[in-house]
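Engineer: Residues per chain are reported as follows:
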Amino acid sequence: MSVIKSDVMQVRTEQDIVHVRQAVRKMTQELAFSLVDQTKMVTAASELARNTATYGGGGTLRWEMLADGGKKGLRLTFEDHGPGIPDLSLAMTDGWTSGGGLGMGLTGAKRLVNEFEIESKVGEGTRVTIARWK
Amino acid sequence: MDRIPILRMGEFLLVTIQVDMHDRLALALQDDLTSRIEKTGAKGVLIDISALEMVDSFIGRMIANISGMSRILDAHTVLVGMQPAVAITLVELGLTLEGVRTALDVERGMRMLRSSISETEGNVVGHQE
Amino acid sequence: MAKASRTAGILKKYEKELLAEWLAELKAGGSGAGSRVSDSDLQTQTKEFLTLLVGGSQHGNVGELDRAEWAPVREFLEGLSRTRVEQGFSSDQTATFIFSFKKPLFARVRKELAADPDAVVEETWAITELLDKLGLHTIKAFQKTREDVIGRQQEELLELSTPVVKLWEGVLALPMIGTLDSARTQVVMESLLQRIVDTGSEIAIIDITGVPTVDTLVAQHLLKTVTAIRLMGADCIISGVRPQIAQTIVHLGVDLQGVTTKANLADALALALKRSGFTVTKAKA
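Protein chains in written order, with the numbering used here: chain F, 1 to 134; chain E, 1001 to 1129; chain A, 2001 to 2285.
Note that these hints are calculated values from the structure, not bench results. Source: prediction; values computed, not measured. We put the beta carbon where it would ideally sit given N, CA and C, even for glycine. There's no promise every hint is true.
What the hints assert, rightly or not - As a list, the in silico BS3-like pairs of lysine-lysine whose alpha-carbon atoms are at most 27 angstroms apart:
| hint | chain 1 | residue 1 | chain 2 | residue 2 |
| --- | --- | --- | --- | --- |
| 1 | A | 2012 | F | 71 |
| 2 | A | 2016 | A | 2166 |
| 3 | A | 2013 | F | 71 |
| 4 | F | 110 | F | 72 |
| 5 | A | 2027 | A | 2166 |
| 6 | F | 121 | F | 72 |
| 7 | A | 2140 | F | 71 |
| 8 | A | 2047 | A | 2012 |
| 9 | A | 2224 | F | 134 |
| 10 | A | 2284 | A | 2224 |
| 11 | A | 2027 | A | 2111 |
| 12 | A | 2140 | F | 5 |
| 13 | A | 2282 | A | 2224 |
| 14 | A | 2166 | A | 2047 |
| 15 | A | 2013 | A | 2140 |
| 16 | A | 2133 | A | 2166 |
| 17 | A | 2012 | F | 134 |
| 18 | A | 2133 | A | 2111 |
| 19 | A | 2012 | A | 2166 |
| 20 | F | 134 | A | 2140 |
| 21 | A | 2133 | A | 2103 |
| 22 | A | 2013 | A | 2027 |
| 23 | A | 2102 | F | 72 |
| 24 | A | 2111 | A | 2047 |
| 25 | F | 110 | A | 2144 |
| 26 | A | 2111 | F | 72 |
| 27 | A | 2016 | A | 2144 |
| 28 | F | 5 | A | 2144 |
| 29 | A | 2144 | A | 2133 |
| 30 | A | 2274 | A | 2166 |
| 31 | A | 2111 | A | 2016 |
| 32 | A | 2016 | A | 2027 |
| 33 | F | 72 | A | 2140 |
| 34 | A | 2016 | A | 2102 |
| 35 | F | 72 | F | 26 |
Unchecked claim - Going by beta-carbon spacing under 8 angstroms, a handful of chain E positions derived as facing chain F:
| hint | residue |
| --- | --- |
| 36 | 1020 |
| 37 | 1053 |
| 38 | 1071 |
| 39 | 1072 |
| 40 | 1073 |
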């Protein structure tokens, strides 16, 4: 598997969330994802970007266009150095909500993608990686 | 800061969301709508999302909020023009938009509003008798 | 490593002879008369390949296919593979196009450079490398085209087997036939939703009479489809629910959430018309 293209974006303000959506839309179009798969990826990115910006106190998105054999894919890694999530397993159950409305974001995003990984440490931050393949 | 325009169509209010909304814009819309409903005494609100290519949980919550608040202000809300890709994604997300009525387009939405308004008024009249 | 290649010179000098000998090889191998490629086509293709080969080898890098000067040759071979696939050739028949060029070319090289045996070995080796790589490239392109064709055919089959039909003004029907797998159900779901939007139909009837078994995954997909339809502002009726399927759905614990189900398409249509405000009356005899 190889990385064709990659870059990093700031995810701090509300405008950044909009930029993330637009960037992911463009990338999924470039990878010729179906319209539904594009929308799923953009929506998942919007959820996670919002988590990073509001709950995580601001962070970054590293996007990577991947190629594996003949398959093409998009991987997004959201990282912040915010408060972290105290109980990950609880956070990943439906209906859990923190003060910042984190609830739907994680579990919802997970359902929209092919690959989902999350690491979080209280006081250090959170990293969420999602990927979708064509 | 630009705001989303709210059009008045008789006793209804029509909101057409065309831009990729950032969160503050969505919240501003909520405020604007509720104050317009109060000011105009509008009985129905149509939210047209036919140009929206994505609806995430934040926007979904905003729509549900608008619907709930309007009801308290004695107005009905109908969401119209949802794109198929958006509908499929919302279902996958698990966002049900509970309590929000939907219609395929503005015309059908208005029909729906008219019938629900006349129903409510009919009930009131019945009660008084 | 740039080195003046004598191959280019030989190709140019003996173009006519080489082409004639190559064509003879191809015909002997069965690529000629009576085959699916006409003589004139074969002549055009061999000539073009030779010209492009000359163009590429002039830069001297006879062994390195990735270089820009070999792009025209690569593209030509990709196009050739594509047509060969469409004409129904096998992959080795297609690669033979290139490999059968070796014999005439080696013979020429040996004659031309007879005075310098080392040069003969060098050139022969370089040519072998080049033609082998080109042959492999052709096979790869051939396989890719084959896969693309299969993919396209699968899509067309999918569309044909689940058409969305308009039963009445504002009423669409989707008769599903055969076993439903996850991928197929999704594709079908998407096309149904799009048709609902395109036609402004408020009622969609999904008929599963032709579906032998319904497992959890299929039931969940159906449920998701219904939910999506309602989210958009239309409604859905599922028809063709046989007693066995009804049992399966209950056993699986799938909650159809107030979705109306009918035993057959006719009942579903009657209900759809009623909901749409139509009444059906029989003309007096």
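Engineer: Against this structure, judge whether each hint is valid.
Structural biologist: Status of the hints after comparison with the structure:
Distance restraint check for residue 2012 (chain A) and residue 71 (chain F): the Cα-Cα separation of roughly 42 angstroms exceeds the 27 angstroms cut-off, and the hinted pair is therefore not satisfied. As the CA atoms of residue 2016 (chain A) and residue 2166 (chain A) are separated by approximately 64 angstroms, the hinted pair breaks the 27 angstroms bound. Taken as a hint, the residue 2013 (chain A) and residue 71 (chain F) pair is broken in the structure, with Cα atoms around 45 angstroms apart against an allowance of 27 angstroms. With a C-alpha separation of about 19 angstroms, the suggested pairing of residue 110 (chain F) with residue 72 (chain F) holds against the 27 angstroms cut-off.
Restraint check for residue 2027 (chain A) and residue 2166 (chain A): the C-alpha separation of about 56 angstroms exceeds 27 angstroms, so the hint is violated. Using a Cα cut-off of 27 angstroms, the hinted pair residue 121 (chain F) and residue 72 (chain F) is violated, with the two alpha carbons roughly 32 angstroms apart. At most 27 angstroms may separate the alpha-carbon atoms for a hinted pair to count; residue 2140 (chain A) and residue 71 (chain F) meet this at roughly 16 angstroms. For the hint pairing residue 2047 (chain A) with residue 2012 (chain A), the CA-to-CA distance comes to about 11 angstroms; that is within 27 angstroms, so the pair holds.
At roughly 22 angstroms between alpha-carbon atoms, residue 2224 (chain A) and residue 134 (chain F) fall within 27 angstroms of each other, so this suggested pair holds. Taking the CA atoms of residue 2284 (chain A) and residue 2224 (chain A), the gap is near 44 angstroms; set against the 27 angstroms cutoff, the hint is violated. With a CA separation close to 24 angstroms, the supplied pair residue 2027 (chain A) and residue 2111 (chain A) stays within the 27 angstroms bound. Among the hinted pairs, residue 2140 (chain A) with residue 5 (chain F) is consistent with the structure: their alpha-carbon atoms are about 25 angstroms apart, no more than 27 angstroms.
Under the criterion of a C-alpha separation no larger than 27 angstroms, the hint pairing residue 2282 (chain A) with residue 2224 (chain A) is inconsistent with the structure, at around 38 angstroms. A hinted pair counts as satisfied when its Cα atoms are at most 27 angstroms apart, and residue 2166 (chain A) with residue 2047 (chain A) does not qualify at roughly 55 angstroms. With a C-alpha separation of about 31 angstroms, the suggested pairing of residue 2013 (chain A) with residue 2140 (chain A) is violated against the 27 angstroms cut-off. Our distance criterion of 27 angstroms between C-alpha atoms is broken by residue 2133 (chain A) and residue 2166 (chain A), whose separation comes to about 54 angstroms.
Straight-line distance between C-alpha atoms of residue 2012 (chain A) and residue 134 (chain F) comes to about 46 angstroms, which puts the hinted pair past the 27 angstroms bound. Proposed proximity of residue 2133 (chain A) and residue 2111 (chain A) is supported: the alpha carbons are some 25 angstroms apart, at most 27 angstroms. For the given pair, residue 2012 (chain A) sits about 65 angstroms from residue 2166 (chain A) by alpha-carbon distance, which is inconsistent with the 27 angstroms threshold. At roughly 21 angstroms between alpha-carbon atoms, residue 134 (chain F) and residue 2140 (chain A) fall within 27 angstroms of each other, so this suggested pair holds.
Proximity of residue 2133 (chain A) to residue 2103 (chain A) is assessed by CA-CA distance (about 16 angstroms); at most 27 angstroms being required, the pair is judged to hold. About 23 angstroms separates the Cα atoms of residue 2013 (chain A) and residue 2027 (chain A), which keeps this hinted pair within 27 angstroms; it holds. Between the alpha carbons of residue 2102 (chain A) and residue 72 (chain F) the distance comes to roughly 37 angstroms, so the proposed pair goes past 27 angstroms and is violated. For the proposed pair residue 2111 (chain A) and residue 2047 (chain A), the alpha carbon gap of about 22 angstroms is at most 27 angstroms, so the pair holds.
Note on residue 110 (chain F) and residue 2144 (chain A): the hinted pairing is violated, with a Cα-Cα distance of about 33 angstroms set against a maximum of 27 angstroms. For the given pair, residue 2111 (chain A) sits about 50 angstroms from residue 72 (chain F) by alpha-carbon distance, which is inconsistent with the 27 angstroms threshold. A threshold of 27 angstroms between alpha carbons decides the hint, and for residue 2016 (chain A) with residue 2144 (chain A) the separation of about 33 angstroms lies outside it, so the pair is violated. The suggested pairing of residue 5 (chain F) with residue 2144 (chain A) holds, with an alpha-carbon distance near 23 angstroms, which does not exceed 27 angstroms.
The suggested pairing of residue 2144 (chain A) with residue 2133 (chain A) holds, with an alpha-carbon distance near 17 angstroms, which does not exceed 27 angstroms. Annotation: proposed proximity of residue 2274 (chain A) to residue 2166 (chain A) holds, straight-line Cα distance about 16 angstroms (limit 27 angstroms). Annotation: proposed proximity of residue 2111 (chain A) to residue 2016 (chain A) holds, straight-line Cα distance about 16 angstroms (limit 27 angstroms). Taken as a hint, the residue 2016 (chain A) and residue 2027 (chain A) pair is honoured in the structure, with Cα atoms around 17 angstroms apart against an allowance of 27 angstroms.
Proximity of residue 72 (chain F) to residue 2140 (chain A) is assessed by CA-CA distance (about 18 angstroms); at most 27 angstroms being required, the pair is judged to hold. With a C-alpha separation of about 15 angstroms, the suggested pairing of residue 2016 (chain A) with residue 2102 (chain A) holds against the 27 angstroms cut-off. For the hint linking residue 72 (chain F) to residue 26 (chain F), the alpha-carbon distance of about 15 angstroms falls within 27 angstroms, and the restraint holds. Checking residue 1020 (chain E) against chain F by beta carbon gives a least distance of about 5 angstroms; that is within 8 angstroms, so the hint holds.
Because the smallest distance between the Cβ of residue 1053 (chain E) and any Cβ of chain F comes to about 7 angstroms, under 8 angstroms, the interface hint for this residue holds. The restraint placing residue 1071 (chain E) at the interface with chain F is violated, with a minimum CB-CB distance near 22 angstroms, outside the 8 angstroms limit. Given the 8 angstroms rule on beta carbons, the hint for residue 1072 (chain E) is violated: about 22 angstroms separates it from the nearest Cβ of chain F. Nearest Cβ of chain F to the Cβ of residue 1073 (chain E): about 24 angstroms, over the 8 angstroms cut. The hint is violated.
In summary, the numbered hints that this structure violates are 1, 2, 3, 5, 6, 10, 13, 14, 15, 16, 17, 19, 23, 25, 26, 27, 38, 39, 40.
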